[in-house]
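A.B. asks: Kindly produce the complete structure, drawing on both the sequences and the hints.
Chains as they are written, first to last, in my numbering: chain U, 461 to 570; chain D, 133 to 244.
Read the hints as simulated data drawn from the structure, not as lab findings.
Check each hint, because a few of them may be wrong.
[Stated by the list, open to error] Capping the alpha-carbon separation at 27 Å, the derived lysine-lysine pairs in DSSO-like fashion look like this:
id: 1; chain 1: U; residue 1: Lys502; chain 2: U; residue 2: Lys562
id: 2; chain 1: D; residue 1: Lys151; chain 2: U; residue 2: Lys502
id: 3; chain 1: D; residue 1: Lys185; chain 2: D; residue 2: Lys154
id: 4; chain 1: U; residue 1: Lys516; chain 2: U; residue 2: Lys527
id: 5; chain 1: D; residue 1: Lys172; chain 2: U; residue 2: Lys462
id: 6; chain 1: D; residue 1: Lys185; chain 2: U; residue 2: Lys462
id: 7; chain 1: D; residue 1: Lys141; chain 2: D; residue 2: Lys151
id: 8; chain 1: D; residue 1: Lys172; chain 2: D; residue 2: Lys151
id: 9; chain 1: U; residue 1: Lys502; chain 2: D; residue 2: Lys154
id: 10; chain 1: D; residue 1: Lys185; chain 2: D; residue 2: Lys150
id: 11; chain 1: D; residue 1: Lys170; chain 2: D; residue 2: Lys141
id: 12; chain 1: U; residue 1: Lys502; chain 2: D; residue 2: Lys150
id: 13; chain 1: U; residue 1: Lys502; chain 2: D; residue 2: Lys168
id: 14; chain 1: D; residue 1: Lys141; chain 2: D; residue 2: Lys173
id: 15; chain 1: D; residue 1: Lys141; chain 2: U; residue 2: Lys562
id: 16; chain 1: U; residue 1: Lys562; chain 2: D; residue 2: Lys172
id: 17; chain 1: D; residue 1: Lys168; chain 2: D; residue 2: Lys141
id: 18; chain 1: U; residue 1: Lys516; chain 2: U; residue 2: Lys502
id: 19; chain 1: D; residue 1: Lys154; chain 2: D; residue 2: Lys172
id: 20; chain 1: D; residue 1: Lys168; chain 2: U; residue 2: Lys462
id: 21; chain 1: U; residue 1: Lys562; chain 2: D; residue 2: Lys173
id: 22; chain 1: D; residue 1: Lys151; chain 2: D; residue 2: Lys170
id: 23; chain 1: U; residue 1: Lys562; chain 2: D; residue 2: Lys168
id: 24; chain 1: U; residue 1: Lys502; chain 2: D; residue 2: Lys141
id: 25; chain 1: D; residue 1: Lys170; chain 2: U; residue 2: Lys462
id: 26; chain 1: U; residue 1: Lys562; chain 2: U; residue 2: Lys516
id: 27; chain 1: D; residue 1: Lys172; chain 2: U; residue 2: Lys502
id: 28; chain 1: U; residue 1: Lys462; chain 2: U; residue 2: Lys516
id: 29; chain 1: D; residue 1: Lys170; chain 2: D; residue 2: Lys150
id: 30; chain 1: U; residue 1: Lys562; chain 2: D; residue 2: Lys170
id: 31; chain 1: D; residue 1: Lys173; chain 2: U; residue 2: Lys502
id: 32; chain 1: U; residue 1: Lys462; chain 2: D; residue 2: Lys173
id: 33; chain 1: U; residue 1: Lys502; chain 2: D; residue 2: Lys170
[As the list claims (entries may be wrong)] To list a few chain U residues with every Cβ distance to chain D over 12 Å, as calculated:
id: 34; residue: Ser472
id: 35; residue: Val473
id: 36; residue: Ser486
id: 37; residue: Asn513
id: 38; residue: Glu517
id: 39; residue: Arg520
id: 40; residue: Ala528
Beta carbons are placed, not taken as given, at the ideal position from N, Cα and C, and that holds for glycine.
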Amino acid sequence: QKEVEQNSGPLSVPEGAIASLNCTYSDRGSQSFFWYRQYSGKSPELIMFIYSNGDKEDGRFTAQLNKASQYVSLLIRDSQPSDSATYLCAVHQAGTALIFGKGTTLSVSS
Amino acid sequence: DTEVTQTPKHLVMGMTNKKSLKCEQHMGHRAMYWYKQKAKKPPELMFVYSYEKLSINESVPSRFSPECPNSSLLNLHLHALQPEDSALYLCASINRANTEAFFGQGTRLTVV
Chain U
461 QKEVEQNSGP LSVPEGAIAS LNCTYSDRGS QSFFWYRQYS GKSPELIMFI YSNGDKEDGR
521 FTAQLNKASQ YVSLLIRDSQ PSDSATYLCA VHQAGTALIF GKGTTLSVSS
Chain D
133 DTEVTQTPKH LVMGMTNKKS LKCEQHMGHR AMYWYKQKAK KPPELMFVYS YEKLSINESV
193 PSRFSPECPN SSLLNLHLHA LQPEDSALYL CASINRANTE AFFGQGTRLT VV
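C.D. replies: So, in structure tokens, the structure goes:
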């Protein structure tokens, strides 16, 4: 059974701080890794995609991938109250679909 | 254009009704998915169409019937649903390189 694990939280950080969200996966054949943000009652919104080991930065967001440890993370710098949402880690393996973790709820307090 | 369009946004149906959900994308993506999401749960995969062929069916009850008329369009036909089928139904598509995957806005389905 392919699994994607996330700490469900809630993760609480003050405004302006760095939020660190983590995800591990069980299938070493996984090739693509996605982070989505989902507000309550809305659909998932793609934030970041990564497939190579190392860091990938986009604005305030940095995704980190370590395939040897089967670990992918998302850092949110200068967190804002509008970042309060559920963050979903999704893993894709060729021939299958996006498999999601349970999501981490982030709360940013002003 | 990075848009996946789902219609309708909201749907209320009785247990004897037949209805359809529609999903459309014009990004040339090669695979399209149907997911079901209950409150405070992650999206749960239902069906995968790859190059217009059904490639994955996650043991979904036959009251849900998918259809892919062409590479841009995906339908989900609903018949004789149960109240526990009430959920947010999400359509997504992914490109050939598996580097971008977008969701539609979803259809909020209520079965009464």
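A.B. asks: Work down the list of hints and note, for each, if the structure agrees.
C.D. replies: Cross-check of the supplied hints:
Distance restraint check for lysine 502 of chain U and lysine 562 of chain U: the Cα-Cα separation of roughly 16 Å lies within the 27 Å cut-off, and the hinted pair is therefore satisfied. Restraint check: the Cα-Cα separation between lysine 151 of chain D and lysine 502 of chain U comes to about 22 Å, which is no more than 27 Å; the hinted pair holds. Under the criterion of a C-alpha separation no larger than 27 Å, the hint pairing lysine 185 of chain D with lysine 154 of chain D is consistent with the structure, at around 17 Å. In summary, the hint linking lysine 516 of chain U to lysine 527 of chain U is supported, as the alpha carbons are separated by about 14 Å, within the 27 Å threshold.
A distance of roughly 21 Å separates the Cα atoms of lysine 172 of chain D and lysine 462 of chain U; the hinted pair therefore holds under the 27 Å criterion. For the proposed pair lysine 185 of chain D and lysine 462 of chain U, the alpha carbon gap of about 23 Å is at most 27 Å, so the pair holds. A hinted pair counts as satisfied when its Cα atoms are at most 27 Å apart, and lysine 141 of chain D with lysine 151 of chain D qualifies at roughly 13 Å. Distance restraint check for lysine 172 of chain D and lysine 151 of chain D: the Cα-Cα separation of roughly 26 Å lies within the 27 Å cut-off, and the hinted pair is therefore satisfied.
With a CA separation close to 17 Å, the supplied pair lysine 502 of chain U and lysine 154 of chain D stays within the 27 Å bound. A distance of roughly 23 Å separates the Cα atoms of lysine 185 of chain D and lysine 150 of chain D; the hinted pair therefore holds under the 27 Å criterion. At most 27 Å may separate the alpha-carbon atoms for a hinted pair to count; lysine 170 of chain D and lysine 141 of chain D meet this at roughly 16 Å. For the hint linking lysine 502 of chain U to lysine 150 of chain D, the alpha-carbon distance of about 25 Å falls within 27 Å, and the restraint holds.
Our distance criterion of 27 Å between C-alpha atoms is met by lysine 502 of chain U and lysine 168 of chain D, whose separation comes to about 13 Å. Our distance criterion of 27 Å between C-alpha atoms is met by lysine 141 of chain D and lysine 173 of chain D, whose separation comes to about 20 Å. Restraint check for lysine 141 of chain D and lysine 562 of chain U: the C-alpha separation of about 24 Å stays at or below 27 Å, so the hint holds. Taking the CA atoms of lysine 562 of chain U and lysine 172 of chain D, the gap is near 9 Å; set against the 27 Å cutoff, the hint holds.
Only pairs whose Cα atoms come within 27 Å are accepted, and lysine 168 of chain D paired with lysine 141 of chain D is accepted, the gap being roughly 14 Å. Pair hint lysine 516 of chain U plus lysine 502 of chain U holds up; C-alpha atoms about 26 Å apart against a cutoff of 27 Å. Straight-line distance between C-alpha atoms of lysine 154 of chain D and lysine 172 of chain D comes to about 24 Å, which keeps the hinted pair within the 27 Å bound. Our distance criterion of 27 Å between C-alpha atoms is met by lysine 168 of chain D and lysine 462 of chain U, whose separation comes to about 18 Å.
Using a Cα cut-off of 27 Å, the hinted pair lysine 562 of chain U and lysine 173 of chain D holds, with the two alpha carbons roughly 6 Å apart. Straight-line distance between C-alpha atoms of lysine 151 of chain D and lysine 170 of chain D comes to about 20 Å, which keeps the hinted pair within the 27 Å bound. A threshold of 27 Å between alpha carbons decides the hint, and for lysine 562 of chain U with lysine 168 of chain D the separation of about 14 Å falls inside it, so the pair holds. Restraint check for lysine 502 of chain U and lysine 141 of chain D: the C-alpha separation of about 11 Å stays at or below 27 Å, so the hint holds.
Under the criterion of a C-alpha separation no larger than 27 Å, the hint pairing lysine 170 of chain D with lysine 462 of chain U is consistent with the structure, at around 21 Å. Distance check on the hinted pair: lysine 562 of chain U and lysine 516 of chain U sit about 23 Å apart at the alpha-carbon level, within 27 Å; holds. Between lysine 172 of chain D and lysine 502 of chain U the CA atoms are separated by roughly 12 Å; this keeps the pair inside 27 Å, and the hint holds. Only pairs whose Cα atoms come within 27 Å are accepted, and lysine 462 of chain U paired with lysine 516 of chain U is accepted, the gap being roughly 25 Å.
With a CA separation close to 21 Å, the supplied pair lysine 170 of chain D and lysine 150 of chain D stays within the 27 Å bound. A distance of roughly 12 Å separates the Cα atoms of lysine 562 of chain U and lysine 170 of chain D; the hinted pair therefore holds under the 27 Å criterion. At roughly 13 Å between alpha-carbon atoms, lysine 173 of chain D and lysine 502 of chain U fall within 27 Å of each other, so this suggested pair holds. A distance of roughly 17 Å separates the Cα atoms of lysine 462 of chain U and lysine 173 of chain D; the hinted pair therefore holds under the 27 Å criterion.
Of the supplied pair hints, the one linking lysine 502 of chain U and lysine 170 of chain D holds, its CA atoms being roughly 12 Å apart against a limit of 27 Å. With 12 Å as the threshold on Cβ separation, the claim that serine 472 of chain U sits away from chain D holds: the shortest Cβ distance comes to roughly 17 Å. Its beta-carbon lying about 21 Å from the closest one in chain D, valine 473 of chain U satisfies the requirement of being farther than 12 Å from that chain. At roughly 15 Å, the least C-beta separation between serine 486 of chain U and chain D is larger than 12 Å, which holds for a residue marked as non-interface.
Every CB of chain D lies more than 12 Å from the CB of asparagine 513 of chain U, the least distance being 16 Å, so the non-interface label holds. Listed as a non-interface residue, glutamate 517 of chain U keeps its Cβ farther than 12 Å from every Cβ of chain D; the least gap is roughly 16 Å. Against chain D, the non-interface label of arginine 520 of chain U holds: every CB pair exceeds 12 Å, the least being about 20 Å. With 12 Å as the threshold on Cβ separation, the claim that alanine 528 of chain U sits away from chain D holds: the shortest Cβ distance comes to roughly 21 Å.
Hint compliance for this structure: no hint is broken.
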